[in-house]
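Asker: So you can see what is in the structure, the chains are spelled out below.
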Amino acid sequence: MYRYDEFDAAFVRERSAQFRDQVQRRLTGALTEEEFRPLRLMNGLYLQLHAYMLRLAIPYGAMRGEQMRHLAMIAERYDRGYGHFTTRQNIQFNWPKLKDVPDILDHLADVEMHAIQSSGNCIRNTTSDPYAGAAPDEIEDPRITGEMIRQWSSLHPEFMFLGRKFKIAVSATEEDRAAIKVHDIGIQIVRNEAGEAGYKVLVGGGLGRTPMIGKVLREFLPKADLLPYLEATLRVYNLFGRRDNKYKARIKILVHKLGIEEYAARVEEEFASLDKSPELDADEYRRIAAYFALPAFKAAAEESVLLERMQREDAGFAAWVKRNVHPHRQPGYAIATISLKPIGGAPGDATAEQMRLMAAVAEAHSLDELRVTHEQNIVLPHVRKDELYLVWSKLKSQGLDAPNKGMVTDIIACPGLDYCNLATARSIPVAQNIAETFADPAMQEKIGPLSIKISGCINACGHHHIGHIGILGLDKAGVESYQITLGGESTETAAIGERVGPGFSYGEVTGAIETLIETYLDQRETGETFLQTYRRVGLTAFKETLYAAA
Amino acid sequence: MAKKFTPSVLTANHLLDGDTVWWTGASWTRDIGKAEIVSSPEAAAVLELLSGDATFEAEVVGPYLVEIDVASREPVVRREAIRANRVPTFAYIADPEQRQAA
Ligand code: SF4
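These protein sequences, in sequence, are chains F and B. Going left to right, the first sequence walks through residues 0 to 549 as numbering that gives the first Met the number 0 numbers them. Going left to right, the second sequence walks through residues 0 to 101 as numbering that gives the first Met the number 0 numbers them.
Just so you know, the hints here were simulated from the structure itself, not pulled from any lab data. Warning: the hint list may mix true and false statements.
[Claimed, not checked] Far from chain B by the CB rule (all over 12 Å, computed), these chain F residues:
| no. | residue |
| --- | --- |
| 1 | Phe-6 |
| 2 | Phe-35 |
| 3 | Lys-164 |
| 4 | Glu-218 |
| 5 | Phe-239 |
| 6 | Asn-244 |
| 7 | Ala-264 |
| 8 | Ala-288 |
| 9 | Ala-292 |
| 10 | Glu-307 |
| 11 | Gln-310 |
| 12 | Asp-417 |
| 13 | Cys-419 |
| 14 | Ile-427 |
| 15 | Arg-498 |
[To be verified] No more than 30 Å apart at the CA atoms, straight line, and that leaves these computed lysine-lysine pairs for DSSO-like:
| no. | chain 1 | residue 1 | chain 2 | residue 2 |
| --- | --- | --- | --- | --- |
| 16 | F | Lys-393 | F | Lys-445 |
| 17 | F | Lys-395 | F | Lys-445 |
| 18 | B | Lys-2 | F | Lys-475 |
| 19 | F | Lys-164 | F | Lys-245 |
| 20 | F | Lys-98 | B | Lys-33 |
| 21 | F | Lys-222 | F | Lys-256 |
| 22 | F | Lys-199 | F | Lys-256 |
| 23 | F | Lys-247 | F | Lys-297 |
| 24 | F | Lys-222 | F | Lys-321 |
| 25 | F | Lys-199 | F | Lys-297 |
| 26 | B | Lys-3 | F | Lys-475 |
| 27 | B | Lys-33 | F | Lys-96 |
[What the hints assert, rightly or not] To give an idea of the chain B side of the interface with chain F (calculated C-beta under 8 Å), a few residues:
| no. | residue |
| --- | --- |
| 28 | Gly-17 |
| 29 | Gly-32 |
| 30 | Ile-92 |
All figures in this text were calculated on a predicted structure; none of them were measured in a lab. Quick reminder that beta carbons are idealized off the backbone N, C-alpha and C, glycines included.
Chain F on its own, in the form it takes in the complex (with noise of 0.2 Å):
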């Protein structure tokens, strides 16, 4: 994991002052809240509609035990005992009161945390694989690009105030698991054909009010031409994007209306021009790299046979294995994914006793590293597959063994009408009535991988055009209704989900989605995922079964 040096921690020491100033400059009346609101947005502090919300980053979703011990402490100290893991990879708090929040902010910088760049117009936090180190197939630690980029764009004094937000994801896979295809750029670790490690750079995919793909600007990038390169393309964009109409001012947008050739041509103009310093940009590569290195992982057989016969003596840890474990790079070891999607449960939200659970997990059994997923889940990185079974025992005892991850219940969901200011809908308890309907696990079995994403309103936090099925809440007249989407994904196959036709009210959706799955079941053929089948048949058969009753 990466240390912070003496820079980072005084930087990040110094914003917390400073915020602590500005608070009681506000409370003082000396600022206006018009001046106050900019500076607390900048410090990840919303208000939304029962309370202020902290958004904090957490770099590329990667925490020690402590940090997560420290995020218990806070909800449990300043709010009410809970925290909401995001599709940013990221942990909002949802009732902090704004004169703890200075308080909030120091501890924070006490675990190397902080909550910097987490709104505005500003490059947010970078997002990655969340098996990063551990994957079998990575080309190298995505992490070490992540890092890389984030000491680049912390306060990066040209693109502090671009036209609008602007996310960057990494992976080091072929297989996508950051969902770099809807990033503003997307940077994908790929080898050359000379077999070196680079960059391939995708530009301009998003979600929100006009969903695209990120398309190819760069098939391959030198590794010590990235941080050139990205500024290159930050520069073309701040340049000619725009700013008089914030729903058209994303990148995607502009790199849509030149068309990806003149746009990369525009970008290698730009960065032909730049002052390069490649030696330096490797230096501080491998200097990163060695926060990265390998943990100090056992030596062990490749097969445990405690993980074999406990899967044979316990049904629900079998089930839980089948699920939510994964292949490691290391003999031996396990990549396990704590679900955060009990029946019944807020997607994504975890409890203070279960933050020190997950903390106490990571650190006796998964070399003290937790990662946040993109699908509001945790995962233990380095578990070694002798000691899955004790993992598994202890997250049970606090409801936190849900095998079902990329299962129907594994549904993600943004805040929506409950909590949030911008939101025209419900979410959360739509995704808890589908949840509950499919809640018998021999269902969900049946049914197999299906990814559900609900997004409260346009912006999309909850990611629904990438879901197999996608649910959008829009306020109709005064009515919750629902929109839905057919066919989207998120890997390294994206595509943006079709509408299938008009919307359905709360009382309707979870009825609507039952009839889609069931559409599926008739539909399918032997061995066929939900996607499989809707990518053969076509939105038509499940368009006729679903609206054949009106």
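Keeping the supplied structure of chain F fixed, place chain B with the ligand upon it in accordance with the hints.
Answerer: Just chain B with the ligand now, kept in the frame of chain F:
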């Protein structure tokens, strides 16, 4: 045709803790039941004018008028009804003590 006026209350979020609050005519309350209901466009206009006042700014953030059903004292729009309840619509996880205090 001008839209028919619906009786309204003035709402905001409290500066210190972000809580949803309503104007009683003399102070801010966390209980919508105690809010002053304005029944004419003229009274609403006065209240809106007042909401820009610096003394309001010292205590609350972003005051605005919310239409209300006088009989039930419930806001007409769902968003505002959820705000008035001061908690999410589902049984969310919350520390019981704080929940009581809320
Ligand atoms: S999608 Fe809309 S409702 Fe949901 S969190 Fe984002 S802004 Fe709020």
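Asker: Hey, is Asn-244 (chain F) genuinely clear of chain B, shortest beta carbon separation above 12 Å?
Answerer: Since the minimum Cβ distance to chain B is about 24 Å, Asn-244 (chain F) lies beyond 12 Å and the statement holds.
Asker: When you look at the beta carbon of Arg-498 (chain F), is every beta carbon of chain B farther off than 12 Å?
Answerer: Arg-498 (chain F) clear of chain B: closest Cβ-Cβ about 23 Å, beyond 12 Å.
Asker: Keeping to a limit of 30 Å between CA atoms, is the pair of Lys-247 (chain F) and Lys-297 (chain F) held or broken?
Answerer: Not satisfied, since the Cα-Cα distance of roughly 52 Å exceeds 30 Å.
Asker: Verify that the Cβ of Phe-239 (chain F) lies farther than 12 Å from every Cβ atom of chain B, and report whether the claim holds or is violated.
Answerer: 34 Å, holds
Asker: Are all C-beta atoms of chain B more than 12 Å from that of Cys-419 (chain F)?
Answerer: Violated: least Cβ distance 10 Å, not greater than 12 Å.
Asker: Verify the interface restraint on Gly-17 (chain B): the C-beta must sit less than 8 Å from at least one C-beta of chain F.
Answerer: 4 Å, holds
Asker: Test the statement that Ile-427 (chain F) is away from the interface with chain B: the closest C-beta pair must be farther apart than 12 Å.
Answerer: 6 Å, violated
Asker: Are the Cα positions of Lys-33 (chain B) and Lys-96 (chain F) separated by 30 Å at most?
Answerer: 23 Å, holds
Asker: If you draw a straight line from the CA of Lys-2 (chain B) to the CA of Lys-475 (chain F), is it 30 Å or shorter?
Answerer: 19 Å, holds
Asker: For a C-alpha distance cap of 30 Å, please report whether Lys-199 (chain F) and Lys-256 (chain F) respect it.
Answerer: 22 Å, holds
Asker: Verify that the Cβ of Glu-218 (chain F) lies farther than 12 Å from every Cβ atom of chain B, and report whether the claim holds or is violated.
Answerer: Its Cβ never comes within 12 Å of chain B, the nearest being 47 Å, so this holds.
Asker: Check whether the Cα positions of Lys-222 (chain F) and Lys-321 (chain F) lie no farther apart than 30 Å.
Answerer: It is violated: about 37 Å lies between the C-alpha atoms, which goes past 30 Å.
Hints 2, 12, 13, 14, 23, 24, 25 and 29, counting from the list given before, are not met by this structure.
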